[in-house]
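2 protein chains.
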Amino acid sequence: MKIGELSERSGLSRDTIRLYEKNGLISSSASQSETNNYRDYSDDVLLQLRFVSSAREAGISIADLRELMKAFFDSCDPSQAENVIIAKIEELKNRIEQIENVVSFLDAALVKVREGLSDA
Amino acid sequence: MKIGELSERSGLSRDTIRLYEKNGLISSSASQSETNNYRDYSDDVLLQLRFVSSAREAGISIADLRELMKAFFDSCDPSQAENVIIAKIEELKNRIEQIENVVSFLDAALVKVREGLSDA
DNA sequence: CAAAACAATAGACCATGGTCCATGGTTTTA
DNA sequence: TAAAACCATGGACCATGGTCTATTGTTTTG
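Chains D and X supply the protein sequences, listed in that same order.
Sequential numbering of the first sequence, starting at 21, is according to this note's numbering.
Sequential numbering of the second sequence, starting at 21, is according to this note's numbering.
Hints listed in this document are in silico derivations from the structure and should not be mistaken for laboratory results.
Some clues are possibly wrong.
No copy labels: a pair is met if it fits in one copy or bridges any two.
Simulated crosslink set (EDC-like; lysine to aspartate or glutamate; CA at most 20 Å straight-line) [stated by the list, open to error]: (1) LYS113 x GLU77; (2) LYS42 x GLU25; (3) LYS42 x ASP63; (4) LYS42 x ASP64; (5) LYS90 x GLU41; (6) LYS132 x GLU102; (7) LYS42 x ASP60; (8) LYS132 x ASP64; (9) LYS132 x ASP97.
Working from the sequences, and respecting the hints, build out all of it.
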């Protein structure tokens, strides 16, 4: 499919898709036609973009995603890929913990605010 | 305390502290001396900075933190403060879920990579 | 066929979150 | 007291992650 359709179906702007491609998160091939230089995107790319998109929303950087996507699809050394993925999972679990700490803090703050409210 | 000590004890650079102050995350008072215009930071600010710091690491934006800090300390309307905090907690829980989804995806990918490994 | 819609490319532009530097003034300390 | 260390201010600079615009060329469609 062409970038317009991919944009439509992925919910990402053309610009963003091109940015991701430039950064090695996805790849495309030249279109069949020899009169244009349009790019052709496979259905797989759509799936990849869905993952990338949710990962970006979860706060994973483009640089990190490049590593991951490379591990998924380009890795000549699967055990190397395994390591990249394991490391990333570890990182994300740490991040979850951090956020949970902040939530705990906010929960405590909430209790205090409510005490203040009932005092008043 | 002066900014140097605060920097030391909070682990944040002077520049970062000044940035946070400019953005309303913390506040300070003028020093006692009348010959200088140094700022004076209370011990409370140190605690606030520790929270800010961990929240920043968890990916919470400065703008969001400003809202939160304001709710904690400046709110004339406690029930408004409560709402801000509740909203933020909700947001963070959603974020955790998003990250957990990515982790699940990566776990699945890991399984596939390992299948590939055992096939080889 | 002509206009509208689409595509590629490059570069400008923007916000966010910091860091770094220069300047000039104030304390500390040796 | 003089040098070293500290402070405030402002502006430059940087990376990240996008968006927007202009230009030029290609398809689609009425």
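Hints, verified against the model:
1. Both within a single protomer and between protomers do LYS113 and GLU77 lie at most 20 Å apart by alpha-carbon distance, with minima of 16 Å and 13 Å respectively.
2. For the homomeric pair LYS42 and GLU25, the shortest alpha-carbon distance inside one copy (19 Å) is at most 20 Å, but the shortest distance between copies (44 Å) is not.
3. For the identical chains of this complex, LYS42 and ASP63 are intra-copy neighbours only, at 19 Å inside a copy versus 48 Å across copies, given an alpha-carbon limit of 20 Å.
4. Proximity of LYS42 and ASP64 under a CA criterion of 20 Å is satisfied intra-copy only: 17 Å inside one chain copy versus 46 Å between copies.
5. Only within a single protomer do LYS90 and GLU41 lie at most 20 Å apart by alpha-carbon distance; the minimum there is 12 Å, versus 41 Å between protomers.
6. In this assembly of identical chains, LYS132 and GLU102 lie within 20 Å of each other by CA distance solely across copies; the values are 10 Å between and 45 Å within a copy.
7. Taking CA atoms no more than 20 Å apart as the test, LYS42 paired with ASP60 passes inside one copy only; the shortest distance there is 15 Å, against 48 Å between copies.
8. For a Cα distance limit of 20 Å, the shortest separation of LYS132 from ASP64 across copies, 16 Å, qualifies, whereas the shortest one inside one copy, 50 Å, does not.
9. In this assembly of identical chains, the alpha carbons of LYS132 and ASP97 lie at most 20 Å apart only when taken from different copies (14 Å versus 53 Å within one copy).
Violation of the numbered hints given earlier is absent; every hint is satisfied by the structure.
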